Each structure stands twice: as C-alpha cells, then as structure tokens.
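Heads up: the sequence lines are chains A and B, in that order. In case it helps, the working numbering puts the first sequence at residues 1 to 508. In case it helps, the working numbering puts the second sequence at residues 1 to 508.
For the record, the hints were derived by calculation from the structure and aren't laboratory data. Just so you know, these numbers come straight off a predicted model, no measurement behind them. Be careful, since some hints might not be right.
Same chains, same label: a pair holds when it works inside one copy or across any pair of copies.
[As the list claims (entries may be wrong)] In the SDA-like style, the derived pairs of lysine to any residue whose C-alpha atoms are separated by at most 25 Å in a straight line are:
#1 431 with 495
#2 491 with 423
#3 431 with 506
#4 289 with 94
There are 2 protein chains.
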Amino acid sequence: MYPSFRYRETQKEMGSFNGVSSVLLLSWLLVLLLCTEECLSRIPSLLGRPRGRYGRTHRHPSLSPSTLKDFQTLYYDQTLDHFNYRPESYTTFRQKYVVNSKYWNGSNNSSPIFVYIVGEWDLTEGDYTNIVADIAPQYQALLVYIEHRYYGESLPFGSRKEAYRNASNFGYLSIDQALADLAEIITYLRKNYSAEHCPVIVYGGSYAGMLASWFRLKYPHIAMGAWASSAPILDFSDINPRDEYNTIVTKDFREASEDCYNTIKESWAIIDKIGSHPKGLKYLSKKFKTCSRLNTSEDLRDFLCYTFEEAAQYDAPPDYPVNTICNAIDGLPPGTEFLTRIFAGINATLSLGCYNTTPETDASLKMDPWTWQACTELMGSNGQSTNVTMFPQNYRPYISADQCMSLFGIPERPHWLVTEFGGQDIKLILKRFGSNIIFSNGLRDPYSVGGVLEDISDSIVAIKTTQGSHCLDMYSLSPNDPDWLASQKKKILHIIEGWMKEYHAVWT
Amino acid sequence: MYPSFRYRETQKEMGSFNGVSSVLLLSWLLVLLLCTEECLSRIPSLLGRPRGRYGRTHRHPSLSPSTLKDFQTLYYDQTLDHFNYRPESYTTFRQKYVVNSKYWNGSNNSSPIFVYIVGEWDLTEGDYTNIVADIAPQYQALLVYIEHRYYGESLPFGSRKEAYRNASNFGYLSIDQALADLAEIITYLRKNYSAEHCPVIVYGGSYAGMLASWFRLKYPHIAMGAWASSAPILDFSDINPRDEYNTIVTKDFREASEDCYNTIKESWAIIDKIGSHPKGLKYLSKKFKTCSRLNTSEDLRDFLCYTFEEAAQYDAPPDYPVNTICNAIDGLPPGTEFLTRIFAGINATLSLGCYNTTPETDASLKMDPWTWQACTELMGSNGQSTNVTMFPQNYRPYISADQCMSLFGIPERPHWLVTEFGGQDIKLILKRFGSNIIFSNGLRDPYSVGGVLEDISDSIVAIKTTQGSHCLDMYSLSPNDPDWLASQKKKILHIIEGWMKEYHAVWT
Chain A
1 MYPSFRYRET
11 QKEMGSFNGV
21 SSVLLLSWLL
31 VLLLCTEECL
41 SRIPSLLGRP
51 RGRYGRTHRH
61 PSLSPSTLKD
71 FQTLYYDQTL
81 DHFNYRPESY
91 TTFRQKYVVN
101 SKYWNGSNNS
111 SPIFVYIVGE
121 WDLTEGDYTN
131 IVADIAPQYQ
141 ALLVYIEHRY
151 YGESLPFGSR
161 KEAYRNASNF
171 GYLSIDQALA
181 DLAEIITYLR
191 KNYSAEHCPV
201 IVYGGSYAGM
211 LASWFRLKYP
221 HIAMGAWASS
231 APILDFSDIN
241 PRDEYNTIVT
251 KDFREASEDC
261 YNTIKESWAI
271 IDKIGSHPKG
281 LKYLSKKFKT
291 CSRLNTSEDL
301 RDFLCYTFEE
311 AAQYDAPPDY
321 PVNTICNAID
331 GLPPGTEFLT
341 RIFAGINATL
351 SLGCYNTTPE
361 TDASLKMDPW
371 TWQACTELMG
381 SNGQSTNVTM
391 FPQNYRPYIS
401 ADQCMSLFGI
411 PERPHWLVTE
421 FGGQDIKLIL
431 KRFGSNIIFS
441 NGLRDPYSVG
451 GVLEDISDSI
461 VAIKTTQGSH
471 CLDMYSLSPN
481 DPDWLASQKK
491 KILHIIEGWM
501 KEYHAVWT
Chain B
1 MYPSFRYRET
11 QKEMGSFNGV
21 SSVLLLSWLL
31 VLLLCTEECL
41 SRIPSLLGRP
51 RGRYGRTHRH
61 PSLSPSTLKD
71 FQTLYYDQTL
81 DHFNYRPESY
91 TTFRQKYVVN
101 SKYWNGSNNS
111 SPIFVYIVGE
121 WDLTEGDYTN
131 IVADIAPQYQ
141 ALLVYIEHRY
151 YGESLPFGSR
161 KEAYRNASNF
171 GYLSIDQALA
181 DLAEIITYLR
191 KNYSAEHCPV
201 IVYGGSYAGM
211 LASWFRLKYP
221 HIAMGAWASS
231 APILDFSDIN
241 PRDEYNTIVT
251 KDFREASEDC
261 YNTIKESWAI
271 IDKIGSHPKG
281 LKYLSKKFKT
291 CSRLNTSEDL
301 RDFLCYTFEE
311 AAQYDAPPDY
321 PVNTICNAID
331 GLPPGTEFLT
341 RIFAGINATL
351 SLGCYNTTPE
361 TDASLKMDPW
371 TWQACTELMG
381 SNGQSTNVTM
391 FPQNYRPYIS
401 ADQCMSLFGI
411 PERPHWLVTE
421 FGGQDIKLIL
431 KRFGSNIIFS
441 NGLRDPYSVG
451 GVLEDISDSI
461 VAIKTTQGSH
471 CLDMYSLSPN
481 DPDWLASQKK
491 KILHIIEGWM
501 KEYHAVWT
C-alpha cells in the first residue's frame, strides 16, 4: 500500500482549532502528534526554513494489533551531558526507544541491527514501517527505533514544561549530545543482545539523515554503515550560497509552468500595494479566506511562501502538489486577476474552509525544541531572496538571530557545526577517509542543494532521481511506485545488503 | 645534542623542600614547572599509575634568545563548553598557544602546519624542539603548540584556584572538550593564515599522543595526519587484561637480571614483616633514608614500586635506569641482606640525601587536574598485581574510585571513552575506516601494552623498537642516538613526509 499524501489534512485539522484562544500552541502540539512518519512530517527550519505551521503527514499502512505487539517500547537511562563532568551532568533522563526482535536470530549468525534514527518529532507507530524495516525478516534483523532527546517522551527534567523552561534547561539539546545518546543506547543494546559482533546500520531522513551520516563518521566502531535520506549536510553558510533552497523551489514551479511562475513572482508587489491601502488588509483577508483578519500583508506573504516551499519539498506522486497549484493558477480564464489565481492555487492544494495565516507567537516558539536547535546550531545564514527566485525580495526567514536572542537570551554558534563535521572540503576529505555511507536525494526537494549528489568514493555514494522529493525513498516498496522511485529504493537496499555481506566475510 | 636523563634531579629538588610545611603542594608545583619536554615529564596516572610524586624531566637543548624570539606566545578565547548551549557554556577563557612562523611560506605553496599537542603539563620552551619541529625549515612549515585546557596558563574561571575549586568548575575538563579546543584553534589559525588548504599534521606523546590519534579520527577534515608516540589507546578495561603494565616492568627487570628480579620480588614480604614489628617502621625509615619517619610500610612499598615503574617506563640510553638499579642490587657481596640491596638500587638511580615517601595529601590531589582526569575518564580498572609480576600482592593503585568519590564527589564514567573512541574492535574497524596515523612505541615502555603495535592498514601504521622507552622517539635526531633509535625516528619522518607529498599531489 502506497502512502498517499495528506497534504491538506493537517492544515484542515489545524484550521479546526481556529476558534480556540491558544490556537497556535495547540496547532503546534497537534502537528507534533501528526508527525509520525519515517521522514520529516514538517519542513525542518534548517537555514530558516518554515516549519510546523503548515506541517503535513503521510498516510501509513495501519499496523494490526498483532503486528504492533512485536514492537516493544523501552526506556534508557540516558546521561544528561556526555561531554562534561559537572555533577549536574550525571543526571539521567528516560530516553524512549522501540525494539522489534521478532525476526532477530541472536548473535550467532551475526544478524544485523537496523537502527532507525528519529529526528525532531515523537517516536510513534508511524515510524515502524520503512524499506529497511521491511527486509528485517529476510536478514533476521533486530529493529531499533530511537527517539531524539527533548522530543516526544524523551524529556530531561521530567516534563516538557521543565525541559523547555529556559536556556539553562534547553542547553543540553545539541547534535553532539544526540549522537552520543545513540552511541550509548546502541552500545548497551549490542551488549544486552550479546551482539557485539553484529553489524549495525543506522538510517534516517532529513535532519535524522544528517545524524545518521555524522554518526557513521564519528562512531565508525558502533555503526558499520549509514543511510542518509535527503540529508542536507552541506547546507551551511560556508558551503552553499544562500537562497539555494528557494532557487530549487522556483525551478520546480517553473518546470511545472512558466506562466504559473510568472504569476507567483508578480503577485508579491500586488499584495504589498493592496496591503498598504487603508482597507487593503480587509480585502486581502477576504480574498484569501484567512481564518482571522490579517494584521500585515507580510503574514499573507509568509503563508504563501511556506505553502509553495512545502509543495516543492514534498512534490511527490500521486498528487504532485506543485502541479496541483500551477494547474489551478493557470486554469482560470484569460484576464483573471493575479490574486484570484494565486488563491485558486492555494485552495486547490489545501482546500480548507479558511486559512490560518497568524504567525507563531513567541510563547509558542519558546516552547519548541526545533526553534532552539535552529537558534543555536542549525540556523546558518537565512535565505535571502534574489531575482533568480519567484519569492518576494523582502522574504522573511522563519526566525532571525535577533529573535533567537530575544527568545532564549543566547547567541547562535553558526560555525561550530562546520568545525565539528566539516565544511567546504568535506567531500574531498571523505575520498580518503570513511566508508559505507549512502546519501540519497530527490532533486525536486529544495534541500537537495545541501545534499551530497555525487559519489565520493566506492563506498560513500550518492543516489538521486530528478523526480524525487524529500525523503520519498524511505517508504516501503509499493506496486504503485513509479519506476524511477522503485529503482532508487532497490539501489539503496542493494548497497545495504552489500555492506552486510562484506561485514560477514570479514568478521565471521 | 642528545637530551640525557635527569632522572635523579627531580627527586633531588623535591627533597630540598622537605622541611617546608606545604612540601607536597610545592613539590607538585615544582614538578609542573619542570615538566617541559615534548613527551611526558612524569608518569601519567592512566589506569592508576603513579604520577607527579617522582616526576622526572629531560635535559633540553637550550634555545638561544634569538631563536626563542621566533616563538610567539598567543591566547585564543576558547569556548568553555563546546557541546551544550547553556548560557554558562558560552563563557570563554584564554587558551595559550605558541606559533613559530619563521619558516612559514604562506598558503600559496600549501606549506604544512605542524601542531604539537601539549598534554597534561604547562606549555613552555622545553616543548619547542622535537623531530617534527626540526623539519620545519625544509618544509617551510608553520609550527604551532597548543596548551591543554586546565593546565599551565589555560585556566577557565581566571585562576588555578577557581578552575580547580570543585567538581562544578573542574567539570569542563574532559577529553572531548580538549579535542574540540584543538579543532577550534586550528580552524581559526588556518583561516587567519589563509591556510585553509594547507595540510595539518598533529602529533604528541603519551596522553597527548592519544589526543593526536583521536583528533585525526574525529576531525579528519582538520588534520590530515597524526603521529601518536607511546599512546596507550587500547589500555582500557575492556581491552587489555589488568596488570599488563606491571608485567612489562617485570619483564624489563627480568631481562636486566634474574637475580635482581628475585630480590625485588622477595623484598615485599620482608618489608611487611619488619613493618609489623613495634620498631620496624623506625628501622625501615633509617634503612631507606626516608626524609621523614614512615607512617606505614605501605608508603615505603609505594615509593619503591613507583621508582621501579618509572625506571622501566623511561629505561632509555644513555643511563638505562633499570640496569643502574639492578647492577647496584646485584653488585653487593654474596650474603648481603635483601633490603640493603634494594636500597642500593634506589640510591644508585636517585642518589638523594633522603627519600620522600610521604603520600600526596587529599588537599594536593584535589588541586591536580590529572587526578581529576584519572577520576572521571582515564581510570579504567586499577592494576592488581599477580604472581606473574615482581610487585607486591597488595599493590596499591595511585588512586581508587572510592578516593575519587571522596575527593570530588562524583563517580567515574569508565565506559565512556570506549563508547566514544572504540574498544576491543577498534583495530578491525580502522582497517576499513580512517587513514594517516602513526602509532610509535618502545617495547620497554610499560605503556606499550596499550599501544597499537601492528600495522592496521597501509596508512595506519605501527612503528616500534624492542629497546625503546616512553616517547623517546620524539626528541631531535642526535649523533648519539643508537642505530635502532635513529632508524625509528627516520621511519616516522619518512611517513609524515609521504603524507605531505600525497596531499600536495591531490590538493594542489
């Protein structure tokens, strides 16, 4: 069963909370609840990209109760801080992980351990199924799913409220700590299952894919291979020119229709012009069916930008949201107003009674671990629109350094990740160092600009398709997969199977 | 000029402070002051080995004032905690480093940067000269020396007293933080010298050698090669059986003389027997010329054990302290008492007016960053003597977990280093992962048991000599070097030169 897209439903459900006073916080919690698939359910805010507000999710094959019972939820007493020895650092918290040992053949056969890395969302049943998990019976593998600290139930300080209370408590949320968490749990599991000599393969998508590749590089003695799907590990300020993300979004729309691209590109000035009129915001609110009256035309612009970005990022079969939008924009009779066309595009893909264009409040951003991560490590430079894209000149990033400082009181450390994991030269470095990493990308995904798109060495390889979108290749093989997608998935499985064969040849 | 050993002088100078009330603290400070050579000046307490109390140093070629002025002392504003984002972690401290750019040919030629990693001692002029620094003129290299956090002048919290005040302040002293310090400073220097494409080679001895090899593994994008001299990276509890260190000390003595070995082995019971008599301690104090009256016979045993261990670790030409001890023990007429022989051995190598056998106080241990490191990360299991060694059955380790808990109030995390850097399987892992590391060892050095003694791959290689001792190969080439030593040094330089050639072939 192929997971069809529910691109509209999240916005629909968020819309239904519109009358509630704490609408944004609730929306955000709802998005978290819905974010259950293998890959990102919402656009990560890396580099200031939108997130959360227009979160989306995929429909998963439902697991039967008898299948679900094979997945055991467990908790590991995780060390709060792995890298310093202040007395507070010894504090532990319960980190959630899930194990399925139904197919596990014990350590004798050196059966593999497949570790699915959960990114910035709750670990739920929706994560259980993916193309790697699907080969567990064939390889008698142990399936492991590890939740990320500060997400879901894996909360230091006992509760969400305490964990997110302030920068002192949030401070232990960092990529290095998250990687060390994985190292500790996997080491513990290998011992616990007498599986010290069993091959471990880690995998994940988007941010979790970045974690997978970095884990292989930093802990090669723990994971013998990593698959990073749609992982923009090169997407930092010193590596890619800014605005590359929006360049790809623009390309996707332009490929769908040059007219559509032009309509969007020209709409921003019209919106700004109307918005500056005394009754302009009232007019725009009505025109775009906003759930509440617009306070600024920027809020409308942000909503439209985010919707277009998300459509491109998840531009996947069978719906192809970019085409849906452009078909609606182009499909109106000649002479139709630009804004009428734009609204038709939005309405075609989201199809809601009204549209929530209210920005997230500071109160809700302050309680968001992903905002914390964006503000400390992942921000890089913010995308600035240029003439080469269809986005407005005064495009507003998801969050700014000033806003971060005001939310959390700490500055970002934008260069640390490049120092820690490598910047411009990392591809050249990896030619001679490291092995067994798959970087897979779909080139319609705007994040592919930060991805590794060419083979680096015999065993650090790039798999890509021009038609693919964000993390699409992680879903179970389906008879409905287009050929190019089925082929990408099979290539990935073939390489992983090759690692296991090589491992067995050497170690057993 | 070959640096001859001054094995006796440290003890002599420490002895001269005997009348001072704060003798131990002062001794310790003195040892720190004397610890200026390339390699360890005192036995590191890894795995509970002795340290500090019987510290020793090498005689260095004095540098002329005109040479010294080429070495510029600088300070980097280092981040207190690289791995978490609590507001306190953003605090900086001044980390000392030294640069010699006299030979540096700028970045055009891709001249190399040689980074000497300073271990658990003050960075001083004594560190400036070594076989890698010696080839700087030939390769137009930039010479860099980086002091370790919490040692020398590189003190967080503004002073030694504050840095060492308690576990909260000491807590930021960890290996991961020290490696990240190196990453930051080297990245800064590459940028500052427009040397982003210049090859960086890191090197160091003993603990600093461990740091060098780990740095290459964790930060391959920053250092393209590492030389780890006498670095016991395999010397952790899950890898080597305990007591291996003392097995090598025993072998060294046994090779010098079977009689000497037997005399030492049988002396412990005699010491214990005499010590248990009412006037026994007075007798032993006189017999062994202790500076103050022995409180327990264990203190004498510890002093003897440490002296034998250090003699083996630094059993180097031209003095060969193990031979010095055994020649004195064996050289007395037949029928001479065992303890008279033992004292003659000690006196022959140390030659002091009196011997300081008083154990370090808790107050002095609490102010020692190396004790902190031993108590948190580096302790592993403590050596326990067995019948295969010449050491007493009830051999006392340098420090115990209980003592650590009482000193600092925190438990050790003995498994973290194995999780972080690899345990039993690291050699097999490195066959397929990583490149460009030299592990050099002298097999008379008891720490060689924890060293990498066989080639792992084409470019992760082991260089060893049966006659060498701890870090001996780091000193400048000298016409007085025995052939085996000169050959070991030349092999190491040849490999480093090969890395640079390969780098230039690929990058320029």
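Hint by hint, here is what the structure shows:
1. 431 with 495: both (18 Å within a copy, 20 Å between copies)
2. 491 with 423: For residue 491 and residue 423, the Cα distance exceeds 25 Å both inside one copy (28 Å) and across copies (33 Å).
3. 431 with 506: both (22 Å within a copy, 11 Å between copies)
4. 289 with 94: Close neither inside one copy (44 Å) nor across copies (58 Å); limit 25 Å.
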